[in-house]
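A.B. asks: Residue strings, one per chain:
6 protein chains.
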Amino acid sequence: MAWNIHKIVDDLQQVRHEWRVQQNSLKEEGGRELPSRAEIKKIMDDLCGILFPMRLGPHDLRQHSENFYIAHTLEKTLYALLEQVKLNLSYDYKYRKQIENPVDIQHLAEEIVGDFAEQLPKIRKILDTDVIAAYEGDPAARSVDEVLLCYPGILAIIYHRIAHEFYRKDLSLLARIIAELSHSKTGIDIHPGAQIGQGFFIDHGTGVVIGETCIIGQNVRIYQAVTLGAKRFEIDNEGRLQKEYARHPIVEDNVVIYAGATILGRITIGKGAVIGGNVWITQSVEANSFVLQSHASKSQN
Amino acid sequence: MAWNIHKIVDDLQQVRHEWRVQQNSLKEEGGRELPSRAEIKKIMDDLCGILFPMRLGPHDLRQHSENFYIAHTLEKTLYALLEQVKLNLSYDYKYRKQIENPVDIQHLAEEIVGDFAEQLPKIRKILDTDVIAAYEGDPAARSVDEVLLCYPGILAIIYHRIAHEFYRKDLSLLARIIAELSHSKTGIDIHPGAQIGQGFFIDHGTGVVIGETCIIGQNVRIYQAVTLGAKRFEIDNEGRLQKEYARHPIVEDNVVIYAGATILGRITIGKGAVIGGNVWITQSVEANSFVLQSHASKSQN
Amino acid sequence: MAWNIHKIVDDLQQVRHEWRVQQNSLKEEGGRELPSRAEIKKIMDDLCGILFPMRLGPHDLRQHSENFYIAHTLEKTLYALLEQVKLNLSYDYKYRKQIENPVDIQHLAEEIVGDFAEQLPKIRKILDTDVIAAYEGDPAARSVDEVLLCYPGILAIIYHRIAHEFYRKDLSLLARIIAELSHSKTGIDIHPGAQIGQGFFIDHGTGVVIGETCIIGQNVRIYQAVTLGAKRFEIDNEGRLQKEYARHPIVEDNVVIYAGATILGRITIGKGAVIGGNVWITQSVEANSFVLQSHASKSQN
Amino acid sequence: MAWNIHKIVDDLQQVRHEWRVQQNSLKEEGGRELPSRAEIKKIMDDLCGILFPMRLGPHDLRQHSENFYIAHTLEKTLYALLEQVKLNLSYDYKYRKQIENPVDIQHLAEEIVGDFAEQLPKIRKILDTDVIAAYEGDPAARSVDEVLLCYPGILAIIYHRIAHEFYRKDLSLLARIIAELSHSKTGIDIHPGAQIGQGFFIDHGTGVVIGETCIIGQNVRIYQAVTLGAKRFEIDNEGRLQKEYARHPIVEDNVVIYAGATILGRITIGKGAVIGGNVWITQSVEANSFVLQSHASKSQN
Amino acid sequence: MAWNIHKIVDDLQQVRHEWRVQQNSLKEEGGRELPSRAEIKKIMDDLCGILFPMRLGPHDLRQHSENFYIAHTLEKTLYALLEQVKLNLSYDYKYRKQIENPVDIQHLAEEIVGDFAEQLPKIRKILDTDVIAAYEGDPAARSVDEVLLCYPGILAIIYHRIAHEFYRKDLSLLARIIAELSHSKTGIDIHPGAQIGQGFFIDHGTGVVIGETCIIGQNVRIYQAVTLGAKRFEIDNEGRLQKEYARHPIVEDNVVIYAGATILGRITIGKGAVIGGNVWITQSVEANSFVLQSHASKSQN
Amino acid sequence: MAWNIHKIVDDLQQVRHEWRVQQNSLKEEGGRELPSRAEIKKIMDDLCGILFPMRLGPHDLRQHSENFYIAHTLEKTLYALLEQVKLNLSYDYKYRKQIENPVDIQHLAEEIVGDFAEQLPKIRKILDTDVIAAYEGDPAARSVDEVLLCYPGILAIIYHRIAHEFYRKDLSLLARIIAELSHSKTGIDIHPGAQIGQGFFIDHGTGVVIGETCIIGQNVRIYQAVTLGAKRFEIDNEGRLQKEYARHPIVEDNVVIYAGATILGRITIGKGAVIGGNVWITQSVEANSFVLQSHASKSQN
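Protein chains in written order, with UniProt numbering: chain A, 1 to 301; chain B, 1 to 301; chain C, 1 to 301; chain D, 1 to 301; chain E, 1 to 301; chain F, 1 to 301.
Which copy is meant is left open, so a pair is good if it fits within one copy or across any two.
Derived DSS-like pairs: lysine-lysine, alpha-carbon spacing no greater than 25 angstroms straight-line:
id, residue 1, residue 2
1, Lys94, Lys76
2, Lys42, Lys185
3, Lys41, Lys76
4, Lys125, Lys41
5, Lys7, Lys169
6, Lys122, Lys7
7, Lys7, Lys125
8, Lys231, Lys271
9, Lys7, Lys42
10, Lys41, Lys122
11, Lys76, Lys7
12, Lys76, Lys86
13, Lys243, Lys231
14, Lys122, Lys42
15, Lys86, Lys41
16, Lys42, Lys76
17, Lys185, Lys41
18, Lys94, Lys169
These are calculated hints, taken from the structure and not from any lab test.
Construct all of the structure, not just a fragment, from the sequences and the given hints.
C.D. replies: Now the structure itself:
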């Protein structure tokens, strides 16, 4: 053998020990109480099918039996979700001390999942406006079905609208895992905290970043590589980053932001404004204004 | 139970009903007649193996039995493709009214798949020029095999050259699903309508967008985050977007476009031109010119 | 049948023959001696579990039995890795003529894998600094666990630190496949050759490109769509690209580079410098300087 | 290579050609129109779950949502069954000439599957009597649930009662495949033609054979290795076996047949008779009689 | 549609309702608390690997790392087993009223699994005597490895010795499921209650039945289709079968029983006796005796 | 934790050590050199498809492309088989000392697999006679296709004719694993050493045992639970079983043996003899004789 397993295992244990000392997490934790990415992936696939049964559900579904499929899959999925919510709550209880009593977890989880389930029809309704927005906003779109089946921007907004529900209930791990599943598939990185109005459309989408405290109005259209980010980070007296304060843009209704534009800080892009490609904006923009990159390119030949 | 499945199912049905009323698609549709993303993924994997058997085929293939593998896999794959083509045609018949008679579908599909199959040797030949272009265009490339195995730009162009064949036959759903499979893996978004000459190379590639009506010449090289897009969208008398007119750039032979450049509208980048990184271009560029970003950065310290 | 399999198979064989003539690789090669992307994917999954057992290992792992899991998985994984290393060495022997004698391959592979295994504790230790950097560098991060589970930048640096070990041992195919697995999942493209110091953090990450000869110091932070690239390519007397010379930036300790910045050529970004978003830099930047985009945007309304 | 694939392929083709000449089936058949064992296996698993949801259904099913599960699974399974029924009918049309017109197949298949679906509650009801019979008939049975989960005799009778429905509709291939799935799992070989009354129990079961034209009354109990077979085969004028005439025993109500008994020919075992182990019977047995093996064993020591 | 799902679902519900009324199990049960056949199958596969790592463990295991494999797999498997034991105990609590307090279940399950784990070395040791017995008892056996890899009798005794441990702890469902997994694979039906001494060998095995209260000594050899069963069943005053009393044979050391012999009732087959094929025995047999079938066959020609 | 993994692992190691001391196999063996049951299962599935492409091949195969399928699958399967043959030979070299030089193994394995491949057309031809025999011998058989798809006796003879080829080449492990795969599926246990003529049919089959040195002529028909076994075992001077001498029956052409008959020892059942059910035979039987069980059953009522 060209390696000494025992020594490597011991050395790895030593490094983990140092990390745990450093993180004050020396106490043994038994099993792993963390939501599972693989489970959440399955849950999201099923939720997509529940929301759009004849387009994203099983390929052999027939319209007259949609409800059978939905009832069964929803029931199964909500129980699976319940497990993930409980794992998230247990984690919060152990590490983030936000829950006072572990016996509340089952009850709390049921309440959260029940509330979430009731939102599903509303979520579908608002997603329909997003599909319409995509179809109407892209000259290359041949049909609403092409939009649902093929557009990464639609997948990103389906995932976001679900993730945001969990973010609102302070299940940040669960929400974030959903967001990253979408980010990995689409290249679109929407923080689950972002508030987004109806009729939202991201075209192409690769490289889009939308920050945690963004507020986006209705009928906003965004292109690839647009950043709605923070301008600078507040630091507290001890030199640590402050977290969870409003630091990202407010984008009002009917705004269009072209590819590569970077909009930073808690500024407001007014109603109906159009932001040109590659523009860099750190101050508020008036309603209905049209912002272009000022420089010309130099040509040599 | 913390939720009422019956009520949620009913509410979801109500929302779907509203959508179908709005879309004039109330008529029950029976089974789902849509090409399947999962099936097309398998078909594309097999086509990659058929085109490059010793590099992208099964790991235990031997060179002396390439033809056995290809004959069997091709036969199987063309029948699988036939099913997807028929689903695409049925969809078009039902929703887009482009096909007059459903009985023609089998015959039409066979013709399309037969034509496609005949193109495969030609596709392989042009892909070989793309591999060479990548190897010669990237100082980091150690071998043509590294290019074939590892470069997302190669995967994107293999998928595109296949998707484009179906786009030409007006199977837009099928073509688009192929394109999005590639987009999701590589971050490179080439609309299947784009016409691309031989010896094409995209390096790194994340964020590249190439629009539907682009025409790209031979030996063009493109870097990450380049957009070849539309400048503005034409609107008809009723305020609806016009679709399917020429709105993206023409890029002539031997052009190089560096990372982050944005080129918009039906303009022409002339033969041999070099477009610098992050440049924003909305007007035609003469042959052999060299376009740079004009501004200097401001340094403070 | 609407197609003639025999003819297509023959035509494809003819095209492959032409390619092999052109590439001087006519000699039959028997089986395929290339590292397998699918195998390497499994190996990387297992290495992630070995490095962070309670976060990236199997969901039912318990802390008190970490070492059982690690010992078994490490042993199994190193043998699997040995196979891939041998395939890489065989390939190099056959095509790149860098190994003189095929009988050395088994011995050489064992040495490489043994050395790699010994590096694992050191790799974990440096990755811990990366996790801390992410947690401290992002106001949206709720915990170090959220960072490990959800941040694509962490996945990218885990993969890179492993890929770099193989790059250093001149196993470029293996290293490159690892890098592309990460690129495909995260949109972050780090060439395995890049040298990166501890405490490295990439936020959001989509579109980041880091070139082969980059040297990055400690505690560097980078945002989405940053390019650390080559400015131009050297060409030898016969007009061919020169390969493997230093052509990418040196980024010193504590530098921050905001989204979309493009930094090209063998220049140096001095200690503590801050590079603003979308900036284009081709000349060295002094320590502690702050570089901004100079132009203002034009607003019309 | 130590083998010549081309020659072996040609030789195999020649043998197949000879077979087809001999079988008068030279005409090319296109695709394979035969029910699929793998598909039928899935259908049977689902039917078991539909009939006994809380015992043989999915492990995570909850009683309050049984109906959601059943409605969805039944709908899906009946469509899957429809495909298999159509394949069986097509086969019969092509090879057995029993169906006059291929256009009737869809209609006929729907009728058959619809009839079958309506029988399911009745099938469940009679299976309940079989479960009770097993529980009451075996001193080792701890509960009715143990019987349902563990007893091969129960699995065999579930499969048989389903297979028999298809036999009655003359779908002999489909019925036979179901019977052989059960035979392979349990070692119990019940021809789908056998008519079996309620309250039937086979204990242990390995080696039991029940012939096509058997008629078995209510509350019959049978042990392992019992054969209810044909005594001799009728031969027609041309020396060929006659098929499909009554040639197996009639077993009346409340009969018990112990292990290894062999009962052959169209004889009647009268009500309440008890047949001892290893007995060989070729003539009818009166009601309430008790038949034993006559010989004593010889002991030497 | 040729069927009415709603009606069938309702009818099935009605039949289930009738069954539950009849079984006094109307109370809703929530989730299904039953050990899972699929989970137990995986556990048994892992236990086989733990007991015989280089023969029944993973194909790529190396002898020098046996202990890594065993430690990891054992830990994982015991936790998986714990779940199944808890399901069995919960079932017993709900339906068989044998456990007084559900809060004891976790504790009790840990105790049971802990005890079981400690027995594993002893189980391996006795299985080694079974392997030797098979090798020495069958002239067709070429090696002990052939015996371990191929002999269904060895698989049956491995499964039985494990199942028997759970039977002894009164986990009859779990024990029975293990026994039926073996029965289904091998055709050998050993009730988990049977007590079997070391050096036990069943050759061929199909059709062997060994009853719940059998006691089998050391170095016993049995051939296919042997039954060690009950002669008659005791009935209580209310006409119900009595359960769990001694009703199967005692087979003393060194007995050989040839194929097809049937031995019924609580009789004793004395040490060293040889029972000939197809013999029917219902009375005790003295030590060292040789029992043959008495009758001659009749030959006609 | 209710168990001590370290102690159990140590105890298991101690038991394995004792076994290895006892078996003189203390020398460490590195990897496991044994044919793999899972691999052989796949190989057998593919060989069934190669032999009967339109009946046992892939469900979507079309007749006009049989040869593509066969050529590709055969090539792949023969290489997979080569690996298993090499593992069998390595095992024989290490443990059974029958091969003198490990360097011969590759060459020898290729020769064996090459020879085997050439036999395939002949094997198909003889299997066709078996299919005909089954169709003509069972009044319940509706078609030759039903026989091929459903009859366990046909599966058993396919597996046997293949296993026998490897037995003839002294690859006893490989041959035995094939035989046990068939035994487990069908309950029919044919030792791979048995020599069986054409037109062989086993009906029902459960419990059939055919010994290693049996010689069976043409057109023999056998029913369930028939044993063709050894009468007694020869023991050498040291009291060990003698292996590999002729000890099983010779069954001449056109013999029929009914269910449950037991025929033991190196006797001859003459041409055309008919052996009745449950008969026990240990002496040769003349040609054309008819052997019945002599005893009558006793009836009481």
